[in-house]
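A.B. asks: Take a look at the letters that make up each chain.
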Amino acid sequence: MTQAEETKKRGKSAGDKPARRGLFRRGTAPLLPEAGAAGAPLTAVIAVMSFLAVLAMATLLIVNHAASEWTSALRSEITVQVKGASAEDISNGVEAAMRVLNDTDGVLEATAQSQKDSAALLEPWLGEGNVEAFLTIPAIIEVKASPALRDNLDLLRNRLAAAAPGASLDDHARWHDRLASAARSGQALAFGVFLLVMGAACAISIFAARAGLAANHEIVSVLHLVGATDAFIAAEVQRRFFILGLRGALIGLAAALAALVLAGLAVRAGGGADNFLPDLRLGGWMVLWLVTAPIATCLVTALTARLTVLNTLSKQY
Amino acid sequence: MNAGKEIVRFEKAGLAYEEAPETLSDISMTLREGEFRFLTGPSGAGKTSLLKMIYLAHKPTRGRFFLFGEDAMEAPREALPALRRRIGVVFQEFRLLDHFTAYENVALPMKVAGVNQNQYREDVSELLNWVGLGDRMDAKPATLSGGEKQRVALARALVSKPDLILADEPTGNVDPAMGERIMKLFVELNKLGAAVIVATHDLHLVQSIGKPVLRIANGKVTRSAGAGGAG
Ligand SMILES: Nc1ncnc2c1ncn2[C@@H]1O[C@H](COP(=O)(O)OP(=O)(O)O)[C@@H](O)[C@H]1O
Ligand SMILES: [Mg+2]
Numbered sequence: 001m002t003q004a005e006e007t008k009k010r011g012k013s014a015g016d017k018p019a020r021r022g023l024f025r026r027g028t029a030p031l032l033p034e035a036g037a038a039g040a041p042l043t044a045v046i047a048v049m050s051f052l053a054v055l056a057m058a059t060l061l062i063v064n065h066a067a068s069e070w071t072s073a074l075r076s077e078i079t080v081q082v083k084g085a086s087a088e089d090i091s092n093g094v095e096a097a098m099r100v101l102n103d104t105d106g107v108l109e110a111t112a113q114s115q116k117d118s119a120a121l122l123e124p125w126l127g128e129g130n131v132e133a134f135l136t137i138p139a140i141i142e143v144k145a146s147p148a149l150r151d152n153l154d155l156l157r158n159r160l161a162a163a164a165p166g167a168s169l170d171d172h173a174r175w176h177d178r179l180a181s182a183a184r185s186g187q188a189l190a191f192g193v194f195l196l197v198m199g200a201a202c203a204i205s206i207f208a209a210r211a212g213l214a215a216n217h218e219i220v221s222v223l224h225l226v227g228a229t230d231a232f233i234a235a236e237v238q239r240r241f242f243i244l245g246l247r248g249a250l251i252g253l254a255a256a257l258a259a260l261v262l263a264g265l266a267v268r269a270g271g272g273a274d275n276f277l278p279d280l281r282l283g284g285w286m287v288l289w290l291v292t293a294p295i296a297t298c299l300v301t302a303l304t305a306r307l308t309v310l311n312t313l314s315k316q317y
Numbered sequence: 001m002n003a004g005k006e007i008v009r010f011e012k013a014g015l016a017y018e019e020a021p022e023t024l025s026d027i028s029m030t031l032r033e034g035e036f037r038f039l040t041g042p043s044g045a046g047k048t049s050l051l052k053m054i055y056l057a058h059k060p061t062r063g064r065f066f067l068f069g070e071d072a073m074e075a076p077r078e079a080l081p082a083l084r085r086r087i088g089v090v091f092q093e094f095r096l097l098d099h100f101t102a103y104e105n106v107a108l109p110m111k112v113a114g115v116n117q118n119q120y121r122e123d124v125s126e127l128l129n130w131v132g133l134g135d136r137m138d139a140k141p142a143t144l145s146g147g148e149k150q151r152v153a154l155a156r157a158l159v160s161k162p163d164l165i166l167a168d169e170p171t172g173n174v175d176p177a178m179g180e181r182i183m184k185l186f187v188e189l190n191k192l193g194a195a196v197i198v199a200t201h202d203l204h205l206v207q208s209i210g211k212p213v214l215r216i217a218n219g220k221v222t223r224s225a226g227a228g229g230a231g
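So the sequences go chain by chain: A and B.
For what it's worth, the UniProt record's numbering labels the leading residue of the first sequence as 1, then goes sequentially.
For what it's worth, the UniProt record's numbering labels the leading residue of the second sequence as 1, then goes sequentially.
Just so you know, the hints here were simulated from the structure itself, not pulled from any lab data.
Check before you lean on any hint, since a few could be wrong.
Label-pair restraints from in silico Cβ distances [to be verified]:
1. Ala211(A) - Asp175(B): 40 to 50 Å
2. Pro76(B) - Ser221(A): 13 to 23 Å
3. Glu22(B) - Ala203(A): 37 to 47 Å
4. Gly193(B) - Ala203(A): 29 to 39 Å
5. Gly199(A) - Gly193(B): 48 to 58 Å
Counterexamples of contact, computed for chain B against chain A with all Cβ distances above 12 Å [claimed, not checked]:
6. Glu6
7. Gly14
8. Pro21
9. Met29
10. Gly69
11. Gly146
12. Glu169
13. Pro176
14. Leu185
15. Leu203
16. Ile209
Derived pair list, reagent style EDC-like, types lysine to aspartate or glutamate, alpha-carbon separation capped at 20 Å [claimed, not checked]:
17. Lys149(B) - Asp135(B)
18. Lys140(B) - Glu218(A)
19. Lys184(B) - Asp202(B)
20. Lys111(B) - Asp98(B)
21. Lys83(A) - Glu142(A)
22. Lys315(A) - Glu78(B)
23. Lys111(B) - Glu218(A)
24. Lys59(B) - Glu218(A)
25. Lys184(B) - Glu6(B)
26. Lys59(B) - Glu78(B)
27. Lys111(B) - Glu78(B)
28. Lys315(A) - Glu18(B)
29. Lys161(B) - Glu188(B)
30. Lys315(A) - Glu74(B)
31. Lys111(B) - Glu236(A)
32. Lys220(B) - Glu78(B)
33. Lys12(B) - Glu70(B)
34. Lys116(A) - Glu95(A)
35. Lys149(B) - Glu218(A)
36. Lys5(B) - Asp202(B)
37. Lys59(B) - Asp71(B)
38. Lys184(B) - Asp163(B)
39. Lys12(B) - Asp71(B)
40. Lys315(A) - Glu218(A)
Bear in mind the structure is a predicted one, so any value in this text is a computation, not a measurement.
Backbone N, C-alpha and C fix where the C-beta goes; we use that ideal spot for every residue, glycine too.
Please model the entire structure based on the sequences and the hints provided.
C.D. replies: Laid out in structure tokens, this is it:
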């Protein structure tokens with residue numbers, strides 16, 4: 001009995017000892033030695049892939065966010081322009097247009113810009129006091145419209161034309177469409193980059209898994225001969241790649257977040273550009289989205305390795 | 001004796017390595033439950049090659065081959081691991097995993113079969129004690145002598161209590177006393193029900209055990225001594 005207990009203890013210590021080497025493993029040593037999956041270089045490449053994936057994802061989110069801010073600002077605003085042969089024509093037109101606007105459901109606010117304001121905008125180019133002498137500047141009325149009105153402007157357009165012949169309505173549709181399509185192409189580009197990075201992670205994983213199998217040919221052969229299934233070996237390789245992938249992915253994520261924070265600080269230090277450049281600040285929801293990039297990288301790496309192993313082994317006896 | 005179930009049956013089987021001429025041609029033999037056979041023949045005759053076909057490392061290139069009653073040449077790939085788990089092999093070159101300890105090497109077939117460590121820990125320790133390596137359980141193969149490696153390989157072959165034991169020159173690296181002990185163990189395991197094939201060129205040992213002998217020469221297997229009417 002004491003003999004049996006002693007051997008039991010021995011067995012336990014033999015089993016526990018190597019567990020310290022494998023971070024995520026308990027019991028015995030990993031079936032494939034560390035060098036098998038080209039540890040450090042693979043981790044480094046996965047880190048770079050994960051870094052790029054996070055940046056692509058961040059670009060996607062930033063473009064998305066900025067585009068929706070720009071377009072929603074544009075969408076709620078429409079402009080009525082009143083032209084006329086004389087200042088009097090114009091001010092009559094403005095009055096008529098304001099009456100129509102104030103009488104229309106869905107107009108939340110209508111502000112006529114004074115001629116002075118308009119002139120002030122042009123003075124830097126034409127010189128002080130010269131503006132009125134040169135031009136009869138059209139008057140501008142800025143209108144905040146409800147979404148319902150925004151979607152159906154034809155009636156308002158007709159009523160304005162009837163009340164004030166010099167008035168025309170600009171719903172910024174052209175700008176809106178252009179911004180929206182620019183945003184869409186930006187998003188498509190970022191998503192394309194993201195997919196490319198995933199593809200590259202895939203290719204690297206195939207390459208590394210094949211190299212690992214070749215380097216561990218003897219071990220794989222012995223595993224088969226003692227009765228291991230392909231699935232068992234593939235799971236072992238997948239676990240190895242998952243750990244390497246996770247390590248690399250976290251390094252890449254940390255580097256990418258640092259880069260984004262630095263870029264955000266640089267933009268804010270730039271000050272005046274606030275209204276023009278997209279907002280680079282990271283909201284909590286945005287970080288959550290960004291974390292999906294390294295997770296995807298890691299899963300792609302591990303699953304690809306598994307499939308590669310299964311495919312390679314299926315060709316053996 | 002003929003009543004025993006068939007464990008191995010070859011019908012006019014041949015084996016050729018790639019482009020080379022056939023190493024084995026026209027192999028016809030049957031091994032039944034409870035039988036013990038020595039496999040002898042000059043070096044290079046194909047003893048290891050025949051064992052390789054049996055433990056499913058090489059597919060015969062022609063003929064028919066049945067293992068545990070199943071057509072091993074037609075069996076789908078997914079069926080092979082289950083067949084291999086019923087065979088314990090002591091490889092001529094040991095084939096221990098270098099990054100594993102002696103304990104882990106012996107435990108490998110159990111681990112691969114998905115058995116919980118609690119269920120085999122004692123068996124593994126006991127086997128290692130029996131082959132005289134109780135104090136070397138944590139040693140890596142690189143630090144073991146040839147004879148010690150051979151004994152680890154022996155323990156690994158026996159740990160899963162296989163139905164068929166194949167040993168390829170299992171006494172080649174151990175002293176005569178240990179060689180005799182190992183042979184006696186095979187005889188005991190055979191009495192307990194395992195079919196056994198031992199490839200060896202140690203004719204002295206063969207004679208001292210007194211079991212039927214299969215002789216390989218010129219790519220064929222012939223029975224040479226007192227086969228007791230089997231096969
Ligand atoms: N993997 C292999 N590829 C090519 N030829 C081989 C291979 N293994 C063995 N042979 C050849 O097959 C013949 C039989 O070898 P083997 O079965 O090892 O004989 P034995 O075990 O009886 O000494 C030898 O001529 C050897 O060179
Ligand atoms: Mg041999």
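A.B. asks: When you check the alpha-carbon spacing of lysine 5(B) and aspartate 202(B), does it fall within 20 Å?
C.D. replies: This hinted pair is violated, its Cα atoms lying about 29 Å apart.
A.B. asks: Hey, does glutamate 169(B) actually stay past 12 Å from chain A on C-beta?
C.D. replies: holds, 17 Å
A.B. asks: Would you mind confirming whether the straight-line C-alpha gap from lysine 315(A) to glutamate 218(A) stays at or under 20 Å?
C.D. replies: Measuring from Cα to Cα gives roughly 16 Å; hence the hint holds.
A.B. asks: Check the non-interface label on glycine 146(B): least C-beta distance to chain A beyond 12 Å or not.
C.D. replies: holds, 18 Å
A.B. asks: So if I understand the rule, the pair passes when the alpha-carbon distance is 20 Å or less; does lysine 315(A) with glutamate 74(B) pass?
C.D. replies: Distance of about 15 Å is within 20 Å: holds.
A.B. asks: Would the hint linking lysine 111(B) and glutamate 236(A) be met if the CA-CA limit is 20 Å?
C.D. replies: holds, 12 Å
A.B. asks: Are the Cα positions of lysine 83(A) and glutamate 142(A) separated by 20 Å at most?
C.D. replies: It holds: about 15 Å lies between the C-alpha atoms, which stays within 20 Å.
A.B. asks: Is 13 to 23 Å respected by the C-beta to C-beta distance linking proline 76(B) and serine 221(A)?
C.D. replies: holds, 20 Å
A.B. asks: Does the claim that leucine 185(B) lies off the interface hold, with its Cβ farther than 12 Å from every Cβ of chain A?
C.D. replies: holds, 19 Å
A.B. asks: Decide, holds or violated, for the assertion that all CB atoms of chain A are farther than 12 Å from the CB of isoleucine 209(B).
C.D. replies: The assertion about isoleucine 209(B) holds, with a minimum of 26 Å to chain A.
A.B. asks: Would you check the hint for lysine 111(B) and glutamate 78(B), treating anything up to 20 Å between C-alpha atoms as holding?
C.D. replies: holds, 18 Å
A.B. asks: Say whether it holds or is violated: leucine 203(B) keeps its Cβ farther than 12 Å from all Cβ of chain A.
C.D. replies: Holds: least Cβ distance 28 Å, greater than 12 Å.
Checked against the numbered hints above, the structure violates hints 4, 25, 32 and 36; every other hint is satisfied.
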